[in-house]
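Chemist: Residue numbers (numbering that gives the first Met the number 0), protein chains in the order written: chain S, 0 to 347; chain A, 0 to 347.
FYI, nobody ran anything at the bench for these hints, they're computed from the structure.
Don't take every hint at face value.
As the list makes no split between identical chains, a pair holds if one copy fits it or if it spans any two.
[Claimed, not checked] Straight-line distance between alpha carbons at most 20 angstroms, and here's what the computed SDA-like set of lysine to any residue pairs gives:
id: 1; residue 1: 28; residue 2: 119
id: 2; residue 1: 305; residue 2: 279
id: 3; residue 1: 24; residue 2: 309
id: 4; residue 1: 24; residue 2: 300
id: 5; residue 1: 14; residue 2: 36
id: 6; residue 1: 326; residue 2: 142
id: 7; residue 1: 311; residue 2: 245
id: 8; residue 1: 187; residue 2: 71
id: 9; residue 1: 84; residue 2: 15
id: 10; residue 1: 263; residue 2: 323
id: 11; residue 1: 84; residue 2: 152
id: 12; residue 1: 85; residue 2: 343
id: 13; residue 1: 326; residue 2: 264
id: 14; residue 1: 8; residue 2: 347
id: 15; residue 1: 263; residue 2: 116
id: 16; residue 1: 45; residue 2: 263
id: 17; residue 1: 326; residue 2: 106
id: 18; residue 1: 186; residue 2: 106
id: 19; residue 1: 305; residue 2: 21
id: 20; residue 1: 184; residue 2: 212
Computed from a predicted structure; not experimentally measured.
There are 2 protein chains.
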Amino acid sequence: MRVGKKHYKTVWFSKGTVYLIDQHKLPFKFKIVRSRTYQATAKAIKDMVVRGAGAIGVTAGFGLVQAVYACPLYLKRAALLSRVKKAKQTIDSTRPTARNLFYATERVWEAVKANAQSVLMARRASEREALSIAKEDEEAGKTIGMIGEKLIHQNMGIMTHCNAGWLAFSDWGTALAPLYVAKRKGKKFFVFCNETRPRSQGANLTAWELGNEAIPHAVVADTSAGSLMQQKRIQMIIVGADRIAANGDVANKIGTYQVAVLAKENNIPFYVAAPLATFDKHIKSGRQIPIEKRSGNELFNRKWFKALQKSKVENFAFDITPARYIKGIITERGIIRANRHAIQKNLS
Amino acid sequence: MRVGKKHYKTVWFSKGTVYLIDQHKLPFKFKIVRSRTYQATAKAIKDMVVRGAGAIGVTAGFGLVQAVYACPLYLKRAALLSRVKKAKQTIDSTRPTARNLFYATERVWEAVKANAQSVLMARRASEREALSIAKEDEEAGKTIGMIGEKLIHQNMGIMTHCNAGWLAFSDWGTALAPLYVAKRKGKKFFVFCNETRPRSQGANLTAWELGNEAIPHAVVADTSAGSLMQQKRIQMIIVGADRIAANGDVANKIGTYQVAVLAKENNIPFYVAAPLATFDKHIKSGRQIPIEKRSGNELFNRKWFKALQKSKVENFAFDITPARYIKGIITERGIIRANRHAIQKNLS
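Chain S extracted, bound-state conformation (with noise of 0.2 angstroms):
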């Protein structure tokens, strides 16, 4: 999407080398890093320079890739497919949660798998099958855009959580593509970011998104979203999604979870926009997915720490949205009820 008056993309591959925009330095600043290796993708993903659940698969791809690219041109099936195999160990092990992670890295290894007669052969079928992901994975993105554009009407106030822009993904985004797509057409309406803490992907990430983009917006600290909807301001929710269970239920950003309750007590609808690529069937519901914890670092520094030696700090960072709150999940396929039948369905 845009950056001033050019057009990025999250991640891309070139050559053996993984581009990333480095999204621990935005807003401040706009950089982009390289990585070179797949232990350096993996490290990327892990220390989240790069996160959101399609950006994170879409680099896991090419980071095992890479390790393909790693190995000599002489070695052997075996000992192909046993490096392989250990890059993706790693790259698996970054982030538990989200399911494009593991989506990417299964397909890409079957690829590899099914051409390890040489390095070389399983070298442009890797490559071929990270980029496949990248290009659905984008239009995955326009395609919810174009879907959940006709959602949006008229002077709406519409609140968002964490970041599901194209930041999150290979570009488009997911629960931003909606609006995007609006705002081409000449809608009018207004965002509600939620700050997001820990990381404030929302305050950072998706402010900076929709200013590039001329979406007028507000962030809000997550303390106001209750009162912004009993105040009436919000017409409809709409977050991402990091792993979507058999029955419906969401893992996605700490938080989302209680935006959900909230909006179902003030009667405002509650959309999740995800990709096919974000369910995962082999997980009956929500209970089975697990829930990353991170450090209390990423909520507080040093000196806080120092002041406050007696107090514990508990850092989640996804939580999990019953189905039963979810209006519906816009994905390519059309807008699904969030309930076991209407996934099954258009899963198959």
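Could you slot chain A onto chain S? The hints should help.
Modeler: What follows is chain A alone, placed relative to chain S:
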């Protein structure tokens, strides 16, 4: 309450000077501020050197006494009243939401009016009244603690929002007072403090208070509140109040409303603790309570505003929790149900 091995109050008055614990500096530095004029005291309230419903009230009362102190002894009734009235307006305009502020300035003002024959008499009467307010505030806190303590069971997980501890009052506090009493009785329980953006009083003040009293606790991002309830780690919620309408609607720190909605959804009792001074019988319902909006600088620094020039910030200081979400209001006269009838019976 305890600071190291010494006992402190949040605010006290001696020989015309108001002494305040500087709440801007906590938990990093423990510093006492001296305020020698009513103007300086009003500024300390406005700038939130002192904050919290009760502490604001006590400080405001002392501030108005300072205005009487500033009057030359020869002043006649009309001139005296005119000066004190002006001072009252200055103090009343500092913060619009907390009932205790107006409660205190009205009481001191009445004492001045009834003793305006001479400046000396007005001085003595106003000081006596302001000291009574401080004493009543402290005693109400202690009684609330003893009444609320009965709700605390062994090994409970208790959530609180913002800071309604002793720093928010003259001593003891409201929401935290039951915890202090329970701790002294040897009960074991664990407290979750919501960070409470934008000003993080939960992280900075409540955590500091609980640490000083050796009560086990963890600080969490405001976005984690719902998830913790969903995980069944919270069995009770207690918060304070800045103003309570005649129908039981409660104005309190922004984010309280959403914690209350989440409590209802998860079948967790949600209590408000407040002295009778916080009730405002002239206000029929929460809709009539003025809600303070404050500068976006409370949320983000200059660097952020410079990087995101197209982004607005909306920053509410308080929200309204409708009475139907409240299990009971813990007051110095017992636990009152949050409805017009019960409140009327107990206030009269």
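Chemist: Decide, hint by hint, whether the structure agrees.
Modeler: Hint check:
no.: 1; hint: 28 / 119; result: neither (38 angstroms within a copy, 63 angstroms between copies)
no.: 2; hint: 305 / 279; result: neither (42 angstroms within a copy, 41 angstroms between copies)
no.: 3; hint: 24 / 309; result: between (32 angstroms within a copy, 18 angstroms between copies)
no.: 4; hint: 24 / 300; result: both (18 angstroms within a copy, 15 angstroms between copies)
no.: 5; hint: 14 / 36; result: within (12 angstroms within a copy, 71 angstroms between copies)
no.: 6; hint: 326 / 142; result: within (19 angstroms within a copy, 47 angstroms between copies)
no.: 7; hint: 311 / 245; result: neither (35 angstroms within a copy, 39 angstroms between copies)
no.: 8; hint: 187 / 71; result: neither (56 angstroms within a copy, 62 angstroms between copies)
no.: 9; hint: 84 / 15; result: within (18 angstroms within a copy, 76 angstroms between copies)
no.: 10; hint: 263 / 323; result: both (9 angstroms within a copy, 16 angstroms between copies)
no.: 11; hint: 84 / 152; result: neither (48 angstroms within a copy, 52 angstroms between copies)
no.: 12; hint: 85 / 343; result: neither (33 angstroms within a copy, 71 angstroms between copies)
no.: 13; hint: 326 / 264; result: both (13 angstroms within a copy, 18 angstroms between copies)
no.: 14; hint: 8 / 347; result: neither (30 angstroms within a copy, 67 angstroms between copies)
no.: 15; hint: 263 / 116; result: neither (55 angstroms within a copy, 60 angstroms between copies)
no.: 16; hint: 45 / 263; result: neither (34 angstroms within a copy, 37 angstroms between copies)
no.: 17; hint: 326 / 106; result: neither (31 angstroms within a copy, 52 angstroms between copies)
no.: 18; hint: 186 / 106; result: neither (38 angstroms within a copy, 55 angstroms between copies)
no.: 19; hint: 305 / 21; result: between (30 angstroms within a copy, 19 angstroms between copies)
no.: 20; hint: 184 / 212; result: within (13 angstroms within a copy, 59 angstroms between copies)
The structure shown violates the earlier hints numbered 1, 2, 7, 8, 11, 12, 14, 15, 16, 17, 18.
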